[in-house]
Amino acid sequence: MELKVFRSRPGMPGSRYDSFEIDPVPGMTVLAGLFKAQEKDDTLAFRYSCRGAVCGTCAMLINKVPRLACRTQLQALLEGKAPVQLSPYPALEVTVPWDAGKEVLIEPLPHLPVIRDLIVDMSLFFEYYRLIEPVFSPAGPGPERERLMSPAAVKELVPYTNCILCGACFGACPVNARNPHYLGPAALAALYRFCIDPREAGGTSRLRRADTPDGWWGCEFHTNCRRVCPKGVPPNIAIGRARKELKATGRSAGEMGGGR
Amino acid sequence: MGGTITAWDAVIIGGGLTGLRAALQVSRAGLSVAVISKVHPLRSHSVAAQGGMNAALGNVRGEGGAVDSWESHAYDTVKGSDYLADQDAVALMCREAPATVLELEHMGTVWSRLEDGKIAQRPFGGAGFPRTCYAEDRTGHNVLHTLYQQVLGRKIPVFEEFFVTSLVRSGGRCMGCTALEIMTGAVHGFASRATLLATGGFGRIFSRSTNALINTGDGVALALRAGAPLKDMEFVQFHPTTLYGTNILISEAARGEGGILVNRTGERFMERYASHALELAPRDVVARAIEEEIARGNGFDGGYVHLDLRHLGPGRIMERLPGIRQIAMDFAGVDPVEEPIPVQPGQHYSMGGIDVNIGGMSGLSDLYAAGECACISVHGANRLGGNSLLETVVFGRLVADSIVGDLPKIHESAMDTVESAMKETETEIREILGRSGGESPFALIRELEETMFLHFGIFREGQMMQEGLRKIRRLRERSLQVSMTNRDSAVNQALVRYLELEGMLQLAEVVALGALAREESRGSHTRRDHPHRDDRRFLAHTMATIEEGEVAIAYKPVTLGMFKVEERGY
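Protein chains in written order, with my numbering: chain A, 1 to 260; chain B, 1 to 570.
Please keep in mind that the hints were generated in silico from the structure rather than gathered at the bench.
All values derive from a computational prediction rather than experimental measurement.
No false leads were slipped in.
Derived lysine to aspartate or glutamate pairs resembling EDC-like cross-links, with alpha carbons at most 20 Å apart: (1) Lys155(A) with Glu319(B); (2) Lys40(A) with Glu103(A); (3) Lys155(A) with Glu257(B); (4) Lys118(B) with Glu200(A); (5) Lys231(A) with Glu319(B); (6) Lys155(B) with Glu133(A).
Build the full structure now, drawing on both the sequences and the hints.
Printed below as a string of structure tokens:
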């Protein structure tokens, strides 16, 4: 089989695709394949760290789906197993000859500037994360012991605290494709996590942080975010609930601003 | 290349739990602090910690309704360490543990809870009480994200994807560091009054490691090269249960929740190795047992045993061990609800590291170290599960406190000294990129990893280790002959891997020499040719330094006092 890999580097006009012949052993991941390719061509650049789908470093566009390279098996891709259907956006258009039965197509995560090959500049993604002020803000100073919390409340939070900020959702969102100002699914899901934390002082008032056309109101519910999330985080549910609560308070500025 | 020089009260190298906790503490004291990390902080290996953090909170009662205490935690830790831990450091860590878990809760960590709303605790290996606090089986992830959020909240500068190339040493003290900005190739200088290494372990010098690929021990090697002694480097933890094939960690929590180990014949073999503690004996004991079973032909083809969770039922597995289930499904195609998980021991943790005193100061003035890269020593010859996350956060805070306390006595660092170190680094990088010997850094790293696992693995023996040492030294000679097609200094991963390899080879030699010299078996260090613990000769820390280009080994006493040294049984 072959890895068909997007190549680009600073100062090089345009981009190209290189093919690397790989002999896949059972269970071999895309990341492991990329390491093999790098041994053949040490100029190939991609990010990696945990190789166990927990750190969120290696999100990239694999066979036109944003996924973690370390969690995606080559054989399953060639066999067309577990296909992911996504709402279309420009990066999903196939622009190079690609034989999905023999080749795995590997491209950088969309919607972020490419630094080299498969490495993108994540600054914008983290800028939006910072913008929602993801800092726990409890009502008063900490008590002597823990603040009590019911297991049920924890269960509500966990789907959102599970986010590893890999950016797969950002690279899968048709709104992010069109609107570089849209905060994106991960940042919104993170904001929602704080809003529903019963220990928080602000509670739902924190929702106003993203009560803008580029915040809660930017989402079009394509739900690509949830479909690509390697951790099962549902940003679409967070966004839907946030909108409902803002509407209930009757003070939404963002909606008035005319959600796109 | 256009590098810059900046000056700071404190520079923290490493953006995992220790580094971020320390940064918060220094920043809260009103001092200027920067974090330098070779990856984005959230990609640090701390994120992968699964099982939990030990603290005698006493939220869950022990056998017969007994209430846990920090003294009991300290006793378990010292016994688990095979009496090599320094008891003053252990006492300090265990006393600070409950406050540390609570402090994280106050910062927003979503710990798993009991029905009464208190933080949940579960049993872990080598512990007399259910003492391990957890956030499902994603504890490191949850705590790391909490601390990163706090660091964002304080707007602490983080230099991401900067690889530290050297510590600047002058006048017998550390004046800061130089670092390669990986994405641009620029070499920058950081002049700091105090420098804290928080770079994690060196597990990746071994094959079959649970560690992230980035755990190459860079900070430990930096300290060694700058003249700070290393301690107890031969004590390397092999975790009993890593996923067969990829060696991804399968948390001890799986056994804490009731998972059992069975061999090819279906026998629960731990009954023969630790009749009382069974699967919850400390890691060194369980890892040896599994390795022994495999060696006797009781393992499955390929060399593994089964970790069976099925009797826990789908509810408990999905609620308490969802991450483990996902890992088993993603990487082994096995759903633990329906099938046992294939597991084998694998390298997991570096007990040894940079020798520091109880305040975290290394043997080089103004250089501090904390967390896995340091050896303070709270783990001795074998670490208990749940104590490493604890160590990172406790000592991230306490060592930062000692830095804050020491700073009034520390002078500004000389910018011109840092500037000349930058020039040296630039020259060195140019020289490396200009080499043409034909050796590949990738292949050399693989050979080193295999050598270490084969010759310095779970069971060690003199002859075998001598042969391993020769191999390491040959690899070191060959490493001078590397060449890369990539001659760019920007985004050159072959260059970064080579820089890592230089340090890995030095650390491998220190591990080898420490292991050869220690003619006894203690904790994780098991010698077939010296099967017993020898307190008369080796109840002592191994100290390693470089003298005239050669590694020199010496010993220093262990701090005892609280608990009597005894035979260790489980």
